[in-house]
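Chain by chain, the residues:
Protein chains: 2
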Amino acid sequence: MSILVLGTVALDTVKTPFGIRRHMLGGSAVHFAMAARLFANVNLVAIIGRDFPKKYIDFLHQKGIILTSLIRGKGRTFKWEGQYQGDLNAALTLNTELGVLSAFRPSVSEKQRRIKHIFLANVDPDIQRHLLENMHSPRLVGLDSMNYWINHKRKELLRLLKRVNIYVANDQEARVLSGETNLIKAARCLYNYGPRMILIKKGEHGVLFFSDKFIFSLPGYPTEKVIDPTGAGDTFAGGFMGYLTKVKRINEISIKKAIVYGTVAASFNVEDFGLNKTGHLVLKDLENRIAEFRKRVLF
Amino acid sequence: MSILVLGTVALDTVKTPFGIRRHMLGGSAVHFAMAARLFANVNLVAIIGRDFPKKYIDFLHQKGIILTSLIRGKGRTFKWEGQYQGDLNAALTLNTELGVLSAFRPSVSEKQRRIKHIFLANVDPDIQRHLLENMHSPRLVGLDSMNYWINHKRKELLRLLKRVNIYVANDQEARVLSGETNLIKAARCLYNYGPRMILIKKGEHGVLFFSDKFIFSLPGYPTEKVIDPTGAGDTFAGGFMGYLTKVKRINEISIKKAIVYGTVAASFNVEDFGLNKTGHLVLKDLENRIAEFRKRVLF
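Here the protein sequences line up with chains A and B, keeping their order. Numbering-wise, my numbering puts 848 at position 128 of the first sequence, and it's gapless, one number per residue. Numbering-wise, my numbering puts 959 at position 239 of the second sequence, and it's gapless, one number per residue.
One chain only, chain A, in its complex shape (with noise of 0.2 Å):
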């Protein structure tokens, strides 16, 4: 099975107790594809500078990424830096370099836009608007976005929630462009937008999932292991959707299950920096991960 994702190539530099990394590869769609990847061909839609190494490329070819929609822009690759402190639950963006994802405008092949699962990451929602209209046939949509383009696209952005299956917020992007406190509250409104499935995500403490047929309520894997969180909420909607590209039926079964896989996808990435967890990860890993994290979260 394919899926595609739509999203950024990131240089991250990275400041958090533990210290320092500059130039990591990141982004949200490539953060998004190492969960994925493990169930799935992930096809990489996104935009790279003229200064993006080639190390890194290598390293996508290597895991399998398929990289025939990865476009080299003229400019510089969009570069993010950030900072965590005390709990590491929250990102101080120091500085942002757009570069060539200023002018991004995606384009995918006429094989690709065939396939039926789609993850739209955060970038602008006219340019995920673009993707998805160029799509075939989708049979499964997820949508992230984040707190700048609910305040600045907000428009843009309810109409797009009409065209996809999945919202993947955090709690406090759920909280805004809903206006509810409460997050049941919030997520049943983000429902009323349009999407049939509303995923909350509340970084240590875990995931929300809502939809007409029930609600799910998932802690984070109790670890102390937190290196850097950043990208863990793309790498749970990895592992999320990855997992559902093999699934006959989406169902409550199944959803739970790829909650339960992104969540742990997700707890790997935050042991190291950057990649170097989850760019090593199999499968097995998971699975193995699983099985601990139901003797801590079963009754």
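Derived from the structure by calculation, the hints contain no laboratory data. Treat the hints with care, since some could be wrong.
Subject to a maximum C-alpha distance of 30 Å in a straight line, what follows is the list of computed DSSO-like cross-link-like pairs (lysine-lysine) [claimed, not checked]: (1) B:K882 - A:K1015; (2) A:K976 - B:K976; (3) A:K1004 - A:K945; (4) B:K977 - A:K976; (5) B:K977 - A:K1015; (6) A:K1015 - B:K976.
The structure displayed is predicted, hence computed values, not measured ones.
Model the placement of chain B on the given structure of chain A, informed by the hints.
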């Protein structure tokens, strides 16, 4: 079986987006008792003032709470006034009037001294220690505290921690007392202070349990009905400790079950002001909600 709880009996005034209620029956020992009474005979050790309404005494009697060690001091009853905003997760204390609490010295009857299950709810650690020293041979002792004592009577609190089995703290208290931001690291540190079981309450995000045998993480009951969270932590403790009075063995299975009972008890508490919900609970209500909870958190 019997359980003894030392704590406060208060007159609470609470302001929330849903309204204001003045001088409701509250306090740590009372909220604890409302849940614990579903499992055991609750002996309440606390102080009230001359202004304490007879209707509240009658109410506690009616609920089967044993009041032989509820003493009436010269002065006014302890009063707390607080406000909740936004997601109702954090209380803003507007006013505290200690009244008789400042001169409280608990005393228990000879019969009560033989009670095996004890909960030292949040009062001055010197008072907690005083009571504990009066008990004959406790089987299980739980302790709660608050930031004020962590900051002002740290030494006394640390000395006390060596003598209890279970320490119940909220996430903020756990972080302050341990100096660790990651909650598992914090729990490990608190464990090293003495108690063999650490329970960290995370409000709407549920509970983290830590021991040398196992770690357990449980989300809160997902609900959109949050009216007044005052006393939710004590209600949790009451359900947790209450359930454990009834089990033969305190092991992984019974501890997990106790945490589930505490969690659903707390979920009722937040659904209305004061004791409006927990004052009318029967065990069957908890069991019905546990069935619903299973659907929402198990996979």
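The hints, checked one at a time:
Between K882 of chain B and K1015 of chain A the CA atoms are separated by roughly 28 Å; this keeps the pair inside 30 Å, and the hint holds. Pair hint K976 of chain A plus K976 of chain B holds up; C-alpha atoms about 21 Å apart against a cutoff of 30 Å. The suggested pairing of K1004 of chain A with K945 of chain A holds, with an alpha-carbon distance near 20 Å, which does not exceed 30 Å. At most 30 Å may separate the alpha-carbon atoms for a hinted pair to count; K977 of chain B and K976 of chain A meet this at roughly 22 Å.
With a C-alpha separation of about 14 Å, the suggested pairing of K977 of chain B with K1015 of chain A holds against the 30 Å cut-off. For the given pair, K1015 of chain A sits about 11 Å from K976 of chain B by alpha-carbon distance, which is consistent with the 30 Å threshold.
Every hint from the earlier list agrees with this structure, and none is contradicted.
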